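Visitor: Sequence:
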Amino acid sequence: MLERPVLRFAPSPTGMLHIGGARTALFNWLYARHTGGTFLLRIEDTDRERSTPEAVAAILSGMTWMGLNWDGDVVYQFARAARHREVAEKLLANGKAYRCYATAEELTQMREEQKAAGRPMRYDGRWRDRTPGPEQEGKPFVVRLKARQEGETIVKDVVLGDVRFENSQLDDMVLLRSDSTPTYMLAVVVDDLDMGVTHVIRGADHLNNAARQLQLIEAMGAPMPVYGHLPLINGPDGAKLSKRHGALAVEAYRDMGYLPETMRNYLLRLGWSHGDDEIISTEQAIQWFNFESIGKSAARMDYKKLDNLNGHYIRATPDASLVAEVTAFLSRETPPRVLSMTARQRLQAAMPLLKERAKTLVELIQGAEFLFNDGPRALDEAAAKLLTPDGRATLAAVLPRLEATDWRGPGLESAVRAFAEERGLKLGQVAQPLRA
RNA sequence: GCGCCCUUCGUCUAUCGGUUAGGACUCAAGAUUUUCAAUCUUGCAAGAGGGGUUCGACUCCCCUAGGGCGCGCCA
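Residue numbers (the working numbering): 153 to 588.
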């Protein structure tokens, strides 16, 4: 290995950290940890309109909850605008970029005409070889890359293989907006270069961008990073993930009672495999992770499988840790719930039984509800059905026996069995009302 | 419209030219001498379609179909 790889996760803070972003972050993190490389976090906040501090906070806390620790300080892209501009100016000076005075309206009209004529919608290069005259004096302009038009650009992708684009299909992208702020395309390339990023692993929605970014990199004479574009995640029905459609923030999964290790395992298996292995610990994942085993096709969310995995991890978690998890979970509720000392002790004592039958923390808490409060509980429908007059009579008869029994351990069961035998009843006839 | 990507059980996937196409989730049945859960056993279930290449294709190539992504002075 020539050098330690440098990976990065670069979300834009325009919303929550959703499941797709979390997986992208996970894969980057896994590869960095696998190779002993570096995993950086960069917030792409160049869109001042849509970036919010809340979203930044959500991303950071989401990453933390997922257990994806990043190396060094978080880089904020907007803070580096001067540097981005500097690169653009240099390109301009070298003749690798040019000023385009076309107005937004003019370009919109151009695209409409292209669409109407059934031609590809691309910037037509109207200012590419035109020198601005006196009438352009003082007029706003954008800076565009003077991209090579002949030949092809090949994205060497570690998951997709070589992807070729005819340069004639790529138009001259904007580097600097008319207010001289850098665009995303410029910022990403410059930041990745400055941060020493060696591997750009991101969602497949960026595949097309890779070709254009490569053109920029070429113009800058900068080294080319390794690319890897991850197939997207779809909703349970195969449709695109959207806000109303399964694209939940990772915090939503936390609130539904899923464990971080469940999420890591599940997201890893969504698009990556290691033979027939399904249950993969994070340590194991770090050891095994590679790019070769990443699948090429989009995957769907499957909540049943998530539940199943989560059940496994709940059972595998030590009782004391689960008590802590439950306590933390309850404290996040609105209004927050605080467990009394005795409630915590009861929870700890009952945990071996409780965790056997819960697929989420929410279910675990539901099952433990009776431990938190004293006094009678309301009957649900199923329970009410079991409490027939006969059942009630049976219960009344058993009661003295139970009161005389130590409730801890197997004594309870044998007491009930003995009772049933004496009365000539089937076990179920006693047990069912009792459960109710 | 143009470009690019993808396509094995319902879902996640294994297979890297020769297999009765395997595993997991889901579902169904059974076992575990009361329920639920867990666990175990068994079962249902797949190579989008059509052409090639080859002694032999799920696997390589082409076409079609379907799905996705992109085509902003958004990221």
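Just so you know, the hints here were simulated from the structure itself, not pulled from any lab data. For clarity, every value in this text was computed on a predicted model and none was experimentally measured. We put the CB at the ideal spot given by N, CA and C, even for glycine. Hints should not be assumed to be uniformly reliable.
With a straight-line cut-off of 25 Å between C-alpha atoms, the simulated BS3-like cross-links for lysine-lysine are [what the hints assert, rightly or not]: (1) K448 - K511; (2) K248 - K291; (3) K448 - K507.
Computed beta-carbon distance windows for the label pairs [to be verified]: (4) A209 - K308: 13 to 23 Å; (5) K242 - D407: 25 to 35 Å; (6) D407 - E257: 40 to 50 Å; (7) V490 - S332: 50 to 60 Å; (8) Q500 - K308: 53 to 63 Å; (9) H358 - E206: 41 to 51 Å; (10) D407 - T255: 46 to 56 Å; (11) M273 - A374: 42 to 52 Å.
Visitor: Confirm or reject the claim that K242 and D407 have a C-beta distance inside 25 to 35 Å.
Guide: violated (48 Å)
Visitor: For Q500 and K308, compare the CB-CB distance with the range 53 to 63 Å and indicate the outcome.
Guide: Holds, at about 54 Å.
Visitor: Under the criterion that the straight-line Cα-Cα distance not exceed 25 Å, is the pair K448, K507 satisfied?
Guide: violated (37 Å)
Visitor: Holds or violated: the 42 to 52 Å window for the beta-carbon distance between M273 and A374?
Guide: 29 Å Cβ-Cβ, so the 42 to 52 Å window is violated.
Visitor: Measuring from beta carbon to beta carbon, are A209 and K308 in 13 to 23 Å?
Guide: violated (36 Å)
Visitor: Are K248 and K291 close enough, with their CA atoms no more than 25 Å apart?
Guide: The hint holds at about 21 Å.
Visitor: Is it true that H358 and E206 lie within 41 to 51 Å of each other by Cβ?
Guide: Given a distance of about 25 Å, which is not inside 41 to 51 Å, the answer is violated.
Visitor: Does the Cβ distance between D407 and T255 fall inside 46 to 56 Å?
Guide: holds (47 Å)
Visitor: When you take the CB atoms of D407 and E257, is the distance between them in 40 to 50 Å?
Guide: holds (46 Å)
Visitor: Regarding V490 and S332, is the given constraint of 50 to 60 Å on their beta-carbon distance met?
Guide: holds (54 Å)
Visitor: Do the alpha carbons of K448 and K511 lie within 25 Å of each other, as the hint requires?
Guide: violated (30 Å)
Of the numbered hints stated above, those contradicted by the structure are hints 1, 3, 4, 5, 9 and 11, listed in ascending order.
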